[in-house]
Amino acid sequence: MPREALVSPYPFKTAQAHYEALMAETKTKGGPTQHTYATVPGEWTGRYGRPSEHWFYMGKLQIPTVLSLLTPEYQTRMVQETYHQGNSNVAHWPSQYCWPEGFMRRWHQAAVGEHQIIVTPQLVQIMTGVARNFVTNIYVGRQFNMTGLVPRIGADVPRWYGETIGFWDGTEALVTWTSNIQGWKVHAAFEHSSKMQTIEIYTPMRDAGGRFTGLNHEAIFYDPEALVEPVRIVRSFNRTSGPDQGDPYTYIECVQTIYPVNGKATPLSPGATTQFEVPDIYGRPWAQMWEKYNEKNMEKPVNEDLFDFSKNKK
Amino acid sequence: MKTSSTSARTRNSRLSRVAAGVAFALFAAMAALVVPVQAHHSFSIFDSTKTKVFTGVVVRVNPDVNHLQIFFAVMNEERTNVIRDAKNQPIIWAVEMAGSAAAAREGISVNAFPPKTIISVGLHPLRSGEPAGDRGGSAMFKCPADTPPKPGKHCDSVEGHAAFGRGALPTPTS
Numbered sequence: 050m051p052r053e054a055l056v057s058p059y060p061f062k063t064a065q066a067h068y069e070a071l072m073a074e075t076k077t078k079g080g081p082t083q084h085t086y087a088t089v090p091g092e093w094t095g096r097y098g099r100p101s102e103h104w105f106y107m108g109k110l111q112i113p114t115v116l117s118l119l120t121p122e123y124q125t126r127m128v129q130e131t132y133h134q135g136n137s138n139v140a141h142w143p144s145q146y147c148w149p150e151g152f153m154r155r156w157h158q159a160a161v162g163e164h165q166i167i168v169t170p171q172l173v174q175i176m177t178g179v180a181r182n183f184v185t186n187i188y189v190g191r192q193f194n195m196t197g198l199v200p201r202i203g204a205d206v207p208r209w210y211g212e213t214i215g216f217w218d219g220t221e222a223l224v225t226w227t228s229n230i231q232g233w234k235v236h237a238a239f240e241h242s243s244k245m246q247t248i249e250i251y252t253p254m255r256d257a258g259g260r261f262t263g264l265n266h267e268a269i270f271y272d273p274e275a276l277v278e279p280v281r282i283v284r285s286f287n288r289t290s291g292p293d294q295g296d297p298y299t300y301i302e303c304v305q306t307i308y309p310v311n312g313k314a315t316p317l318s319p320g321a322t323t324q325f326e327v328p329d330i331y332g333r334p335w336a337q338m339w340e341k342y343n344e345k346n347m348e349k350p351v352n353e354d355l356f357d358f359s360k361n362k363k
Numbered sequence: 007m008k009t010s011s012t013s014a015r016t017r018n019s020r021l022s023r024v025a026a027g028v029a030f031a032l033f034a035a036m037a038a039l040v041v042p043v044q045a046h047h048s049f050s051i052f053d054s055t056k057t058k059v060f061t062g063v064v065v066r067v068n069p070d071v072n073h074l075q076i077f078f079a080v081m082n083e084e085r086t087n088v089i090r091d092a093k094n095q096p097i098i099w100a101v102e103m104a105g106s107a108a109a110a111r112e113g114i115s116v117n118a119f120p121p122k123t124i125i126s127v128g129l130h131p132l133r134s135g136e137p138a139g140d141r142g143g144s145a146m147f148k149c150p151a152d153t154p155p156k157p158g159k160h161c162d163s164v165e166g167h168a169a170f171g172r173g174a175l176p177t178p179t180s
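Quick note, the sequences are listed as chains F and Y, same order.
Residue numbers for the first sequence follow the numbering used here, so the first one is 50 and each next one is one higher.
Residue numbers for the second sequence follow the numbering used here, so the first one is 7 and each next one is one higher.
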């Protein structure tokens, strides 16, 4: 798959600029639309199957193509990930340990299956998950607090799945902006930083008779720390039924059966005992284990001396 | 400034040991079903009769929803660097406080306390002896960027410091 298929086709450098441009365009058409329960596109509410395949499944592209999207630090991290996946055979997948899935896993084939969408005038909720719950709450009509390092709705706390605002462009598009995302990784893919932000556009798909069949979901990812330019993923959700049919959506609790033992993922049966090393969740725990158990003879670059203030004394 | 003597460990293993100590203590507390209202663990794991006061360099803020933790390397008396163990590794302590959202409302967050931030904080240490403690209700102070206090002093003495919480630094116990 060529690099051109991965990067954003839009000229925007930031999610904010992208969102504001879409808002301005909507305003020229008299929007954004202030829906009521009578006018909101309720046909969106329902159940959707597994999304269509796209490049982030990572199975049909070359690693150097992906590396070309990343900044040097995140290139290094992805090479480390790929090396241990393919060479050491030591895979540290967050979900296998019931660690957080992380924001970008929402786009990964193995992390999500059926989706449930609930549409109201002021809140749209998307739920999905396999090992963990992905709950995307889109607060329609709200504004971000722009006073911090990244835009946010609530407290200055990075959230594993971010916080999302949006607006309606008639009944033909829901435009959203997600920010305040905790940096993390997707195994066999790349890491993203806590500066990751997305613009996502949901548009209805209809058959020749005009019948609603599902949603097109376009997402543009902005991360000035990890990405050298924005990337884009386009996928589609095919509606399978309303909430009046099928099995209920169930909240997921991840029960851990695989543990890192001596730096390697190991299934343990009930009653088994092992020495447990508490993961340093906010310190790239996967990398810490690789460095401890699989990189003993490798040299790391020297980092800045964080603790020397001798030159700062006045 | 009061510090605790600790064994020689690496920074990462110290972070892990701190977390392990806290996790074990939390489990023990939960098992005993001693769970105060609006808290997710018993504070009996901390020795409230003891107070330590540190000035240190932030190495990490863990924004956990249950209790935000700041990990910091304890500074030397000269305030020119950090104290180190026998393996020349920084001595890392952790201070826990309210949940990350409540701490953020007080101005304490990952973004407000990036690595290399100098702080002064009091804490009630873990009874287990692990290098971690609970901030309790005392104020915490942040020095201006790249501006450590004068020797033996804390951030509350530095012009331009920021205070978090009410009052002053607590008085350390002997």
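It is possible that some hints are incorrect.
[Unchecked claim] Here are the simulated lysine-lysine pairs, DSS-like style, with alpha carbons at most 25 Å apart: (1) K349/F / K56/Y; (2) K313/F / K360/F; (3) K93/Y / K349/F; (4) K360/F / K156/Y; (5) K122/Y / K93/Y; (6) K313/F / K345/F; (7) K313/F / K341/F; (8) K159/Y / K122/Y; (9) K122/Y / K244/F; (10) K93/Y / K341/F; (11) K62/F / K76/F; (12) K345/F / K93/Y; (13) K349/F / K62/F; (14) K159/Y / K56/Y; (15) K360/F / K159/Y; (16) K93/Y / K56/Y; (17) K56/Y / K360/F.
Simulated from the structure, these hints should not be mistaken for lab results.
What you are looking at is a predicted structure, and each value in this text was computed from that prediction instead of being measured.
- Hints broken by the structure, by number, lowest first? 1, 2, 13, 16 and 17
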